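Chemist: Protein chains in written order, with this note's numbering: chain A, 1 to 253; chain B, 1 to 73.
Since the hints were made in silico from the structure, they are not lab data.
What you are looking at is a predicted structure, and each value in this text was computed from that prediction instead of being measured.
Where hints are given, some of them may not hold.
Calculated cross-link-like contacts (lysine-lysine; reagent style DSS-like; alpha-carbon spacing at most 30 angstroms) [unchecked claim]:
{"no.": "1", "chain 1": "B", "residue 1": "3", "chain 2": "A", "residue 2": "191"}
{"no.": "2", "chain 1": "B", "residue 1": "37", "chain 2": "A", "residue 2": "191"}
{"no.": "3", "chain 1": "A", "residue 1": "4", "chain 2": "B", "residue 2": "50"}
{"no.": "4", "chain 1": "B", "residue 1": "50", "chain 2": "A", "residue 2": "182"}
Take a look at the letters that make up each chain.
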Amino acid sequence: MEKKAGFAKPEALTDALTHYCPGCTHGIIHRLIAEVIDELGIREITIGIAPVGCAVLAYNYFNLDFAEAAHGRAPAMATGLKRVQPDKVVFTYQGDGDLAAIGTAEIVHAASRGENITTIFINNAIYGMTGGQMAPTTLPGQVTTSTPFGRDVKLAGHPLRVAELIATTSGAAYVVRRMVTKPATIASAKKAIKLAFQAQRAELGFSLVEILSSCPTNWGLSPLEALEWVEENMASYYPLGDYKVIDEVKSLK
Amino acid sequence: MAKGTILIDEDRCKGCELCTTVCPFDLVHIANHFNAKGYRPSTLVDPEGKCTGCTLCARMCPDVAITVYREGG
Ligand SMILES: Cc1ncc(C[n+]2csc(CCOP(=O)(O)OP(=O)(O)O)c2C)c(N)n1
Ligand code: SF4
Ligand code: SF4
Ligand code: SF4
């Protein structure tokens, strides 16, 4: 009775154990990116850029070339790497504190310039690494360590909808939002990541996949409760969907 | 029905339970002992050999702790 592996660690991940908290969906998203890289056969030509945030050590977990950018500057670094090595596949992996606060200018202009790079944007509505402070994406009323009475939009402003914002740029080719809460949504997120990388390979311009992700530790929820919280609270403020898919990307499907 | 089984690498597991709610046959449970990291790992409880190797449990795992095997591929 011969048994064959039906599911195993992708080659594009190392054997390293991650430092992520139990049930943190950063781990699921890492695996999806690695599966896509394996399936496209691009492991040897892909360069990832790690952010500042909980994913700061991502270069230890991906079996790929990797660079580490200063906080929020991953799109600028990706721009340089891609322009001097246009045959490489270059992607950034960025949290919402990294991308939507300190790095807002970088991401908006990289998209606007139509840089032929891919950004995987992890929206967990909080600053995870630094202890659960409010992020630009923190929901109205959400309790964080810096909004102990809940985010008051009169005082702290409104959450930023990144996929919608980036979709308005002329240089963007593919901009979508997904989540990773159950096998079906995980499969859909993987398809989107794959299409984003394919769009880059076809030189169609900037691609961004926003993924609603959990932070059980700083939300004060169990990992399973945190996934429910994503579905019940985040997905209503940040609707899943395809915000910009240019015709050339549609024809890749 | 296809036959399968899973192998959980106990020392990768963080006991997060994400794999325990998706199995169509409810075969994945949290064990009563601790692993080297101090987490209670998940475990396959499949005395009747019901696992089909569907991979759903493995797809939920943030730590790639589950390998799925299928008979004959
Ligand atoms: C220039 C600079 N400013 C501030 C910080 C502190 N800092 C580290 S990570 C982080 C935000 C992390 O949040 P996010 O990007 O959402 O990632 P997560 O940890 O939630 O995955 C901040 C503000 C820093 N390291 N460098
Ligand atoms: S602090 Fe939050 S985002 Fe960071 S690893 Fe832990 S659960 Fe994940
Ligand atoms: S592979 Fe499918 S059937 Fe087997 S334990 Fe996992 S979820 Fe259950
Ligand atoms: S999902 Fe992975 S880490 Fe979490 S309990 Fe299951 S095997 Fe362990």
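Chemist: None of the hints should be skipped; say for each whether it holds.
Modeler: Hints versus structure:
1. For the suggested pair residue 3(B) and residue 191(A), the alpha carbons sit about 27 angstroms apart, so the restraint of at most 30 angstroms is met.
2. The hinted pair formed by residue 37(B) and residue 191(A) fails the criterion: a straight-line CA distance of about 33 angstroms is larger than 30 angstroms.
3. In summary, the hint linking residue 4(A) to residue 50(B) is supported, as the alpha carbons are separated by about 17 angstroms, within the 30 angstroms threshold.
4. Taking the CA atoms of residue 50(B) and residue 182(A), the gap is near 21 angstroms; set against the 30 angstroms cutoff, the hint holds.
When held up to the earlier numbered hints, the structure conflicts with hint 2 and nothing else.
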